[in-house]
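Number of protein chains: 2
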Amino acid sequence: MPTYRAPLRDFDFVLRDFLKIDTLRHLPGFEEVTPDLIAAVLEGGGKLCEDVLFPANAPGDAKGCTYANGTVTTPTGYKDAHRAFVAGGWNGLSFAPEYGGQGLPRVLAECFGEMSMSANLAYTTYPGLAAGAAEAISKHGSPEQKATYMPKLVAGEWGGTMNLTEPHCGTDLGLIRTKAEPQADGSYRITGTKIFISAGEHDLTANIIHLVLARIVGAPAGTRGISLFIVPKFLLDADGTPGRRNGVRCGSIEHKMGIKGSATCVMNYEDATGYLLGEKHKGMRAMFTMMNSARLAVGVQGLALSEIAYQNAAHYAKERRQGRALKGAAEPDHAADPIIVHPDVRRMLLTMRAFNEGARALAAWVGLNLDLAHKHPDPRARRDADDLVALLTPVIKAYFTDFGYECVNTGQQCFGGSGYIVETGMEQFVRDARISQIYEGANGIQALDLVGRKLPQGMGRLLRQFFHPVDRFIQANANDPALADYVRPLAKSFARLQQATAWIGEQGLRDPNQAGAAASDYLKLFALVAMAYIWAQMAEVANEKLANGADDKRFYQAKLATARFFMERLLPETSSLLSKLTSGAGNLMALDAADF
Amino acid sequence: MPTYRAPLRDFDFVLRDFLKIDTLRHLPGFEEVTPDLIAAVLEGGGKLCEDVLFPANAPGDAKGCTYANGTVTTPTGYKDAHRAFVAGGWNGLSFAPEYGGQGLPRVLAECFGEMSMSANLAYTTYPGLAAGAAEAISKHGSPEQKATYMPKLVAGEWGGTMNLTEPHCGTDLGLIRTKAEPQADGSYRITGTKIFISAGEHDLTANIIHLVLARIVGAPAGTRGISLFIVPKFLLDADGTPGRRNGVRCGSIEHKMGIKGSATCVMNYEDATGYLLGEKHKGMRAMFTMMNSARLAVGVQGLALSEIAYQNAAHYAKERRQGRALKGAAEPDHAADPIIVHPDVRRMLLTMRAFNEGARALAAWVGLNLDLAHKHPDPRARRDADDLVALLTPVIKAYFTDFGYECVNTGQQCFGGSGYIVETGMEQFVRDARISQIYEGANGIQALDLVGRKLPQGMGRLLRQFFHPVDRFIQANANDPALADYVRPLAKSFARLQQATAWIGEQGLRDPNQAGAAASDYLKLFALVAMAYIWAQMAEVANEKLANGADDKRFYQAKLATARFFMERLLPETSSLLSKLTSGAGNLMALDAADF
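Protein chains in written order, with the working numbering: chain A, 1 to 596; chain B, 1 to 596.
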């Protein structure tokens, strides 16, 4: 049976030492948010994840959701988990107090998110979608809509959904057929079928607030004719309580590879009453605000599952005795040595560890910038932070989930044959992690978003929010011998990223297929450089701590060892990525479609 | 629902054009084996795979095996499949006619193996293990043992197993506790528990011949005290028919991530009657003859699942319409273009295709060398061929299954959300493929086998069987402008491989941890160069065919396009692999085990 421990020590390092999180207190509304408060919140959150969410994880996979006559029953343990989640106010962690939220920083919600998704990814889809719906309503809703829906969604007492996909369209939402007919009272009648709707129906909440993309009758074709609607499962009575059932019904749930405790629903809308959210025909834009934070959260899923896979693999490698160290018996009193004596087992563990710790810090940096983008008094600083978040969102979504999936598989590999057996739990992590590469925009789409939208945006304005600080860091530390082993590889890989960026700028302008052909390799190259930038800074912090005689010497020494591993064993891939992407589109486009 | 088509056209290319398979007829016993006969056999085999094995694949996954009171029931359809398999003589394809086999070349059995494992991997474990047991008995059995067991195993009328693993030992078989007590009649009483025994119990055959590793009472400790025993499920009556039940019983079956139609058994031996196979205390060596061909077969599983994943992904990419080509609508009459217009979708498909076609040819080359090793009249030629097979076995086992698994996941990715749904079939391929990286020696063990055993063996004698022909090919074609785009990258990556080999030779001698730290990256580097060597030769063949006005022009043009893709988009990884492996063991061994 697998175990889970909240990585509180590492969160403390990331927030306090690396991000210097006490600077958050300069932002309006965060005056009371001390590093100690943050640590206490994470400790409480970690306890919920370890003691309540995690125990429901494996049973939830074994049982899955069940469907009958339009209703969905979640697995045993989910209702209790949700009660505890709501009671602790975890759903509203970073929502404004005016809606019943705790008003805490988003970076904190991001860290809690990692833990909850490590502990029980399938369950977190329910509160996650409620929070997503709340965010969309908070940004695009009328004052009345906010008052009506926000408190319940923020509390987690009601669920929420995002209804985009239809059988014939996923990525290409311009093809949406679900229609909205205007009614005399200002509402709309929604009719159509949506598929792959996470948390579309379940037994955890008294109501479910569906956000539905549909085309108002007579609207222009394509994405410019799509609007967003609020469609509650139960229409609200005058006093705001759920009353009459609306014309929306779950037709079936999917049988999936993993996240079996998360209901993936076919939703049938038949003359359902819907209320326009935001402006007519501007539904795509409104939905994107929801999708961007969802993409960051999905990225963190890759980290979350890699973390729990690492914890269990490391534990197993220290316990499992098999064979002898290559240099001779390490523990001659035992019949065999623990397999962690083997360099190749350590290579697997360090791959996961270097990813997890680097990704955790990178995600927290982006989380901090989300707070700056929302709260900083200076509009220029808000825009800068927002630019950085926009730039890194597709990078985090795709790289964290692709490499996180590799890491989860690596953790499973450390177990040998036992890793393939259900009871060990590792194979569930693999099956659960797999979806994160697919949903919220498959990773190939993220790469196109980076190359096709984020790079050219504002004549490279977004890019500068990342390139400039990296450049400054390299300049500032180029001559520090204590950092040379980290800064030199960073500089080398950053040069490759600059070269790749210039290549795409030049070639892609002439032929968009060149940019498309380079996109996935470019995203990975970008991500590795971002990770190297984070690791080099963490090495700097660890050096300082050790120089200042920190108590927890071994922790900082391990940081340096892991930083070195990252630079020497993961970062070198940037060289082959550059070769691949500059080989051009010719080798992809030559073959006729019929010859595939 | 997925589909499967036997890749007969490509087999024809590999066998006839690339391997010049008609040279096989110079080997004694293969005088009648014409290329046309081979093609006819593969066509018949392909039909069985398409029409009988494949239809039982998805239902077998859904139902799995069931266990009750020591018996195992295989999924619906497996019995019919097995009847057809036995009736067609497919189990004995390359076994000697004296045992009822068809006496056909091993390379042919290897090609048929790919198809059957594409069609239904879980099912093939049953005949596969019968064939493995037959091979071990044919090599190590007494004349009487051969006469008793071979015909039934070769026919597939009886099943077979390999019993190695025990709860406390998998890789480290020196720890085996199962004991064998000599009896007055020359037999042994076997007592112990074995786990993870594929096909250990089932309802497909009238008897199951277990090959069991055990320690004769009083034998030396470690692997040098282990012997191999034949333990039939039913002891044979005087006339050779299964009679009294032996003291072996299946205690339970495992719940696994995939290959659910393959029973993975806990086998309890209690005073079971066993017969020594081969010499006392030489059981490990005997088992290894079985394991080596099993390792090749497991390698081909990675290819087999990548092939079926590719076929379905390519089909989907041509059918699924979503969005527009980056350069503007490719098919303006439709609401959207098929997604195969996108360079990134093509990158995914070509990755799978370049792997599949290269791996198929590489596996067939090794299969041909198996035939040469067994049948060539010149002992030196036999040894050379055997050396090449021994060298490439761990490379194929680990690289084909690691990269094959990546490809199966890539195929699933092409489907977007639908790929995560059970009914599409792609997720089963992922779950089934995963085991091949783990069983028959986890891939990290394969890397150690390559670096620790195969490289130093005979002072590099094995290595020369690969390095010399690659070198000769590069020399011979260095100045051919028509081949420059293939030979130049091959030469560059081969130089990297030579550099890495020298590094390991030098560093590994001083410190075995250096070799261990380099092993996995070295194996992948080796595999990429082997694939490049195969692809460059296939490009040469395709060039010749086109120059000679071949009818099937598009087929050969597609070969060239795929060869180019391999050279420009997969082979460049050799540069980063070289950097990684020459970074040394320091970055792996620095961290104390307790700090993981």
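Treat the hints as calculated values from the structure; they're not laboratory data.
Incorrect hints may have been included.
Note that identical chains are pooled: a pair holds if it fits in a single copy or bridges any two copies.
Stated by the list, open to error - No farther apart than 20 Å at their CA atoms in a straight line, the calculated lysine to aspartate or glutamate pairs in the EDC-like style are these:
hint, residue 1, residue 2
1, 282, 172
2, 20, 384
3, 63, 423
4, 327, 237
5, 47, 80
6, 327, 592
7, 545, 319
For each hint, the structure was consulted:
1. Within a single copy, residue 282 and residue 172 get their C-alpha atoms as close as 16 Å, which meets the 20 Å cut-off; across copies the closest is 63 Å, which misses it.
2. With identical chains, the CA atoms of residue 20 and residue 384 are at most 20 Å apart within one copy only, with a shortest distance of 19 Å there and 64 Å across copies.
3. Taking CA atoms no more than 20 Å apart as the test, residue 63 paired with residue 423 passes in both settings, with 14 Å inside one copy and 19 Å between copies.
4. In the homo-oligomer, the alpha carbons of residue 327 and residue 237 never lie at most 20 Å apart, since the shortest distance is 75 Å inside one protomer and 52 Å across protomers.
5. Only within a single protomer do residue 47 and residue 80 lie at most 20 Å apart by alpha-carbon distance; the minimum there is 15 Å, versus 53 Å between protomers.
6. For a Cα distance limit of 20 Å, the shortest separation of residue 327 from residue 592 across copies, 16 Å, qualifies, whereas the shortest one inside one copy, 54 Å, does not.
7. Taking CA atoms no more than 20 Å apart as the test, residue 545 paired with residue 319 passes in neither setting, with 32 Å inside one copy and 58 Å between copies.
The structure shown violates the earlier hints numbered 4, 7.
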